[in-house]
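> As a plain string of letters, each chain reads:
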Amino acid sequence: MNDVANSPEEVTEEPVTSVDLHREFEESGVGDVLRELDETLVGLAPVKKRIRETAALLLVERARKRLGLAHEAPTLHMSFTGNPGTGKTTVAMKMADLLHRLGYIRKGHLVSVTRDDLVGQYIGHTAPKTREILKKAMGGVLFIDEAYYLYRPENERDYGQESIEILLQVMENQREDLVVILAGYADKMDRFFESNPGFRSRIAHHIDFPDYTNEELSRIAEMMLKEQGYSFSEEAREVFARYIDRRRQQPHFANARSVRNALDRARLRQANRLFEGAQGPLTADDLSLIAAEDITPSRVFSLPTDAERQTQEAR
Amino acid sequence: MRITQGTFSFLPDLTDEQITKQVQYCIDNGWAVNLEFTDDPHPRNTYWEMWGHPMFDIEDAAGVMMELNECRKVYGDRYIRLSAFDASHGWESVKLSFIVNRPSEEEPGFRLDRQEAAGRNIRYTTSPYVAAKPEGQRYG
Numbered sequence: 001m002n003d004v005a006n007s008p009e010e011v012t013e014e015p016v017t018s019v020d021l022h023r024e025f026e027e028s029g030v031g032d033v034l035r036e037l038d039e040t041l042v043g044l045a046p047v048k049k050r051i052r053e054t055a056a057l058l059l060v061e062r063a064r065k066r067l068g069l070a071h072e073a074p075t076l077h078m079s080f081t082g083n084p085g086t087g088k089t090t091v092a093m094k095m096a097d098l099l100h101r102l103g104y105i106r107k108g109h110l111v112s113v114t115r116d117d118l119v120g121q122y123i124g125h126t127a128p129k130t131r132e133i134l135k136k137a138m139g140g141v142l143f144i145d146e147a148y149y150l151y152r153p154e155n156e157r158d159y160g161q162e163s164i165e166i167l168l169q170v171m172e173n174q175r176e177d178l179v180v181i182l183a184g185y186a187d188k189m190d191r192f193f194e195s196n197p198g199f200r201s202r203i204a205h206h207i208d209f210p211d212y213t214n215e216e217l218s219r220i221a222e223m224m225l226k227e228q229g230y231s232f233s234e235e236a237r238e239v240f241a242r243y244i245d246r247r248r249q250q251p252h253f254a255n256a257r258s259v260r261n262a263l264d265r266a267r268l269r270q271a272n273r274l275f276e277g278a279q280g281p282l283t284a285d286d287l288s289l290i291a292a293e294d295i296t297p298s299r300v301f302s303l304p305t306d307a308e309r310q311t312q313e314a315r
Numbered sequence: 001m002r003i004t005q006g007t008f009s010f011l012p013d014l015t016d017e018q019i020t021k022q023v024q025y026c027i028d029n030g031w032a033v034n035l036e037f038t039d040d041p042h043p044r045n046t047y048w049e050m051w052g053h054p055m056f057d058i059e060d061a062a063g064v065m066m067e068l069n070e071c072r073k074v075y076g077d078r079y080i081r082l083s084a085f086d087a088s089h090g091w092e093s094v095k096l097s098f099i100v101n102r103p104s105e106e107e108p109g110f111r112l113d114r115q116e117a118a119g120r121n122i123r124y125t126t127s128p129y130v131a132a133k134p135e136g137q138r139y140g
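So the protein sequences, as listed, match chains A and L.
Counted from 1, the first sequence has number 192 at position 192 by our numbering; the numbering is strictly sequential.
Counted from 1, the second sequence has number 46 at position 46 by our numbering; the numbering is strictly sequential.
Quick caveat, the hints were computed from the structure, so don't treat them as lab data.
Keep in mind it's a predicted model, so treat the numbers as computed, not measured.
A virtual CB, placed ideally from N, CA and C, is assigned to each residue, including glycine.
Warning: the hint list may mix true and false statements.
Computed footprint of chain A on chain L, listed as stretches where at least three residues anywhere in the stretch have a Cβ under 8 angstroms from a Cβ of chain A [stated by the list, open to error]:
no. : stretch
1   : 31-39
2   : 49-60
A few chain A residues facing chain L, derived, Cβ under 8 angstroms [to be verified]:
no. : residue
3   : Lys-107
4   : Gly-140
5   : Gln-174
6   : Arg-175
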């Protein structure tokens, strides 16, 4: 009962006449979030830039409000587009934290849902289900992954439309209570927005997540291993770089998620190798080292790359 | 006659802003907020109809207020009360309960019946005037 309501200008009689943006930046903790974003997320330069710009806008809006200048509650709903495994969920979590620190949402939690959580299976099931999720997300961020699945034009009796209408209504009327982030593949989201103009007009920030480069993925792999207390041997590092290059040319490549899965499999092989071949006691180093032979058995090395496929077809 | 019951019975009706703050207080304490409605104002009527499930797992009062506004849309002509249930071990009971909506028109109050029993005894019964009408048609 005594939290956000008592902002300084209500307590002191004197009107605020100036604002130090840099002090605000540090004191609100926004600086910390952005720094953390820089450190923990590899690459994604355009995304980071957009978030920095958004943060600056929100900070200025807040300062304007404090000085009594004309301000309008900004529309904060966003759409994140990009291929799988490019960090959309992770960034959404950071975004929730950022908006919370700037005071645009009261709680700063992230509720992550997909179509199944919003749309019911029979008539009259959808509205309560959607409302239930919205209720939980109030005061925080609602993250709808693969949002384009909500709209299924091929089935005119699909209940997704009902869910969309409720979402739109809440996005418009309760802008102060809730921020909605839609996420999905770029092309499918484009089609989704085309068929649902209501969404497009209510979303102010479109952020596109580019694919990671091979070097970035290698760095991500190192970071993931470090978190789990493992490390690559010199040789394994080179093999893994080759692995990434080849994996990218296979179907269903999911950027950082593919890397994580590959590392999980490497750990499995490493455990097997140690178990089968260990002679005598093992040291901590032995247990945490991923060697080249833990990666080379991967199926990816036996499948043809793009270049090899082309030469085969030419023949 | 203005019916009162629950925690803030001695105060004027709470505004939505005040209700929101009370709800946030409940949520911050980890209590589950529940909405109930009735059109039988008798004080012994303890079992009101529930509006949905008790709301666990909610972070912010706005979610509860959304439900309350839905409930008002449908049952705005009845009494709605909000109660907060503390599920922690040893308590397991309602910690806070107050009326958040009442019929917009006059609340007619209660009739006192005296029944003359054997030996010049008198038995008293109160019954709400509105209870004469069937449920759902009592106000408005």
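> Hint by hint, note whether the structure agrees.
Consistency of the hints with the structure:
no., hint, verdict
1, 31-39, "violated (count 0)"
2, 49-60, "holds (count 6)"
3, Lys-107, "holds, 5 angstroms"
4, Gly-140, "holds, 6 angstroms"
5, Gln-174, "holds, 7 angstroms"
6, Arg-175, "violated, 11 angstroms"
Hint violations for this structure: numbers 1 and 6, all remaining hints satisfied.
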